[in-house]
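Trainee: Spelled out from the first residue to the last, the chains are:
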Amino acid sequence: METTLQPELHQHLQDAKARIDAATAAEELRAVERDYIDKGGVVAGLLAAITTLPPEQRRDAGQGANILKGAVLKALGDRKAELEAMAIDAARSGHGFDPSLPGTSIRRGSLHPVTRVTRELEDIFSSMGYDILDGPEVEIDVYNFERLNIPGDHPARDMHDTFWCEVNGAERDSNMGLLLRTHTSCVQVRTMERLQPPFRVVVPGRVFRQETVDASHEHTFHQMEGLVVGEGLTVGHLIGTMKTFLREVFQKEIEVRLRPGYFPFVEPGFELDARCPFCATPGAGCRVCKQTGWVELCPCGMVHPAVLQMSGIDTEKYTGFAFGLGLSRLVMLRYEIDDIRHLMGGDTRFLSQF
Amino acid sequence: MFISYSWLNRHVDLAGVSPHDLARDLTLQTAEVEGVEPFAPALADVIVGHVLSREAHPDADKLGITKVNVGSGEPLQIVCGAPNVGPGQLVAVAVIGTNLPDGNGGTFKIKKSKIRGVESMGMICSERELGLGDEHDGIWVLPFAPDDNGHLIGLPVAAALGATEGHYDWVIEIDNKSLTHRPDLWGHRGIAGEVAAILGRDMRPIATELPAHGDAQSVPVHVESKGCSRYIGIAIDGLKNGKAPEWMRHMLLAAGQRPINLLVDISNFVMLDVAQPNHLFDRTELKADGILVRDAREGETMVTLDGEKRTLSTADMLITSGGEAVALAGVMGGEASKIGESTTQMLLEVATFAPAQIRRTSQRLGLRTDSSGRFEKHLDPTLPMKAAAHLVSLLAELQPGISLPSAPSEGGAWTDPACDVRVRPNRVRAVLGLDAELLPNQRMEDMLTSLGFGVSGADTESWTVRVPSARATKDVGLEEDLIEEIGRSYRYDNIPEQRVLAEIAPVPRDERRNLARRIQDRLSGSSAFDEVMTHSFLEGNLCEKLGIAMEPTIRAINPVAEGYERIRRSVVPSLLGLVPNNLQLRGEAYLYEVGKGYLPEVTQGEFQEPTEIHEVGLVLARSGSVSVSVADFANTSLFLLKGTVEDLLYSLERARPGRAGIPGLVWVKPGEGELIPPFAHRGRCMVAFASDAKGNATGPELAFVSAIEPGVGAALGLAGDSVADVAFASVSIDSLLSAPEKPVLHRPIPRFPGVKVDVAFALGEDTLASDAEAIIVQSGKGLVADVQLFDLYQGEKVAKGMKSMAWHVLLQSDTKTLGDKDLHKFLTRVEGGAKRIGGELRKD
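Those sequence lines, one after another, are chains A and B. Going by the working numbering, the first sequence opens with residue 154, and the numbers climb by one from there. Going by the working numbering, the second sequence opens with residue 16, and the numbers climb by one from there.
Isolated chain A (complex conformation) (with noise of 0.2 Å):
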């Protein structure tokens, strides 16, 4: 049809297709509809000028600025299209790009590492249907002591460098005397006052000694106890107990050793390691387990009947085993954190990795 243009729509054709083929921007397209197009445009100005034409004129005018207008019109979508096939093409390309440009910082906050290695415990333990359950940190020489087969003249309180409490300079009396607990066993005993066996819990929380602090040793630590009783339980049941749950920690199956422990409040008491999980070739000895190959994970061992007995608990009928694991040993080990001064210094530049 274009051949049967009119010269001077030829032109204008030709024309706008110049300026068509030419523009790189979206504007200059629509510039170029305006100019042809819109109200006031070559189009319109084409058919405005119909009506000054003979009758016999008219009806090819009118098709010739239909047809230049159609034409345009394409001529824009194409080049329209082309553009923006053009962009994505410009889009699709690495051209400068250096993947290591640091990403943008957001700020983030971090969970304690003691919280971290808690709640994993927990779940574990959770998951085997154990209650979780938590006790005062100032406690009564009763719980700590007395009522866990440790009375007044026991030389094993030498082993707890106990932080004994006061209030209004009054020290309290024997079993009433207050004290930071030494451990987490103390639950045991309250433990006992308020449930009925069977049952399984677990405790985790911080425990105090009165020791000089340096890189391995802190007065405030961390301690997970667990207790079990029911009928039936054995000494079996205590290794399993502690080999599922290594287990689940460590993710692999780990060796452990039971040898004999001495605590009041059990009997038999034991103390149990752990393969070292950090040996390259396992009980080859390396840092983490100063060469032995082992590493001593947690005091254990069947509740002691005179224990049972003092919280009324029927030894005939029940037996229980008890675990003290160190939580914050467990954690020293799991992030390979070598001061365990950073556990409760509140530096941020040490909480923050977590």
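The hints are simulated quantities; they were obtained by calculation from the structure and are not laboratory data. Because the structure is a prediction, the values reported are computed rather than measured. Just so you know, not all the hints are guaranteed correct.
Stated by the list, open to error - So the derived list for chain B, only partly shown, Cβ under 8 Å to chain A, looks like this: (1) K192; (2) S193; (3) G448.
A virtual CB, placed ideally from N, CA and C, is assigned to each residue, including glycine.
Following the hints, complete the assembly by docking chain B onto the known chain A.
Mentor: The following block gives chain B in isolation, referenced to the frame of chain A:
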């Protein structure tokens, strides 16, 4: 406790059992071994030399030039200053290149040297130079007759002396804690008994009976104190003090005991052997009335043999003679009657004292001795006579001339603690988790027998087990105690693991723990705070700075350091204590801790336990000073923290985010008289309550948020000329637990578009934003869907005493699209409302 391998071998044949095997077996069956170290390791490096000749040194009177045959090559020329070196002796030679201990934990290397012009090719050693005590009078002449021992020349000395694993002796260190319940294991013979049971070998016998005695008058012994259940006094004559034999001195050294003289060494040796402390008096220093064991008088003094003057109380027990204290019972002897070099007549004391009394005395005086440590473990009262027999027998071996002039004297009302315990084999298996195949009755019986227990009725279901006195004082009295004996003999390690079977039931919900977790998740998560754990102790200086030094606290009597007595009442002060350091290092601190505090003034329960509070403390601190312009409120730590706390309380579902007209939380400034912490800013603090349906405060106080008191900020070193931008908050978990839950409820998404309009008021500077917002909401007659403050201005453009506040307001209807007419009506009402609160609608 240090155990010498050779010493053990005196009691049980250790052939074929290495020190390390022994350590492992003891660890798995008896007590934890903490270390195995060679004793006097230098003996493995020095070699046996035969002194061929000694000539005088041409240029030094005291030096000699020796020729020593060391087995290979030419004899060595060694210059030696010892007066006792002479031809024919076998001696310990450190040849060139040997490392010897330097006495300070290090070593030094023997080099070829010239001494006063004479070449010396090594060193002939004294005992001290080899780590064998303090002897340095001369070189160590080896205990071998040279004629019969030519084959030893050139061998390492340790080998010549009969080494085990290359060393003269080994020291096995046992963890004292794991022996707390075993008074019988505080000596080599006790440990040897365990070893014998483990190895299935017999014990070598020792003397248990005293030799015959003369018929002179015995030393009178009277026991008045209840704390002494047995006191034996044995007079021994014909003594000649001197040096203990080499084997005894070396064994004492291996066990960590410094040799003194024969008599003292024998006394120590017996204690370290059979675990019975004993004491030797020079009998000539005792008075004619003999020995009286009595309680001390209040304020009585005595000088103990360490030369210290001790002031005593009625709780202490004394050994006296002629009215004077001669020993602090069970703890330490007295200076006056102690054994000397010239002692020829002595009184041997072997006694049993009450553990608690000895323990209290030794704790009160801060005087822990080998003796007191053993007595407080509860010693066997049948042991003293056996130990006495052992001591006298050892002494007689070394000094055949001694005699007992008189019968032993004895006092005290002791009873034999040996007892019978019922043991049911089935119960033993049931507790250990073993069946009759793994642990048959016979094996159980054998285990008990080898540990010294007597079994009768072994053909029944209920055995009677005789517990010997040595085990019966404290350790074994229950069936469970014997289950332990059987379990450890079986080795716990060999017990197969079992799964616990139990009923399935949901674990009770612990709301406090759940809340704590949600708090941690929110604050460490989207709020981007760091969780800290701080000590429960509050440092005194910090308390002074915070103005809380006078608050009642529980206090540690024996703090870890002076100034760290206080146990905190609240978590916040600990957090404020962390601010200066963290600000300096990081420029900001966003900290929180979920923790406990203690209020001593409120007690509860049978034992008057102090009240424990659970809270989360938060601190937000940024370096630089806080902006004093009210317009900058949104960028202050105080309001950042307020926003954090609001978000936290919403996420915990103790309040719901506000909707127009009803705030989620009602924040109230505490009144003048209300108690706030001294470190809180009285003019810039606020308390949050949940809001009821009408927007009024309801329920318990949920949170307290405050800027730091400016003086406190300055005291903490946080501010110079200006005020530190530090805010803190506390949220009581106890209150959260008692506050009604306001679970998240879904609100429908609007169906019709809303109209946004900005509203600005000029207001008196004391008018609360919440009052103005209430006006805006009322003016909407239910159409105001959202009100957001976006501008707060005070300055030239508003009149003095006035401020400008501007809000983005969203009008929205549930039933229609709103038009200009609705907007107009709203603005007209707002204008009227502004006037009601003393302000006006700004139209500029």
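Trainee: Look at each hint and say if it fits the structure.
Mentor: The hints, checked one at a time:
no.	hint	in the structure
1	K192	holds (5 Å)
2	S193	holds (5 Å)
3	G448	holds (3 Å)
The structure shown violates none of the earlier numbered hints.
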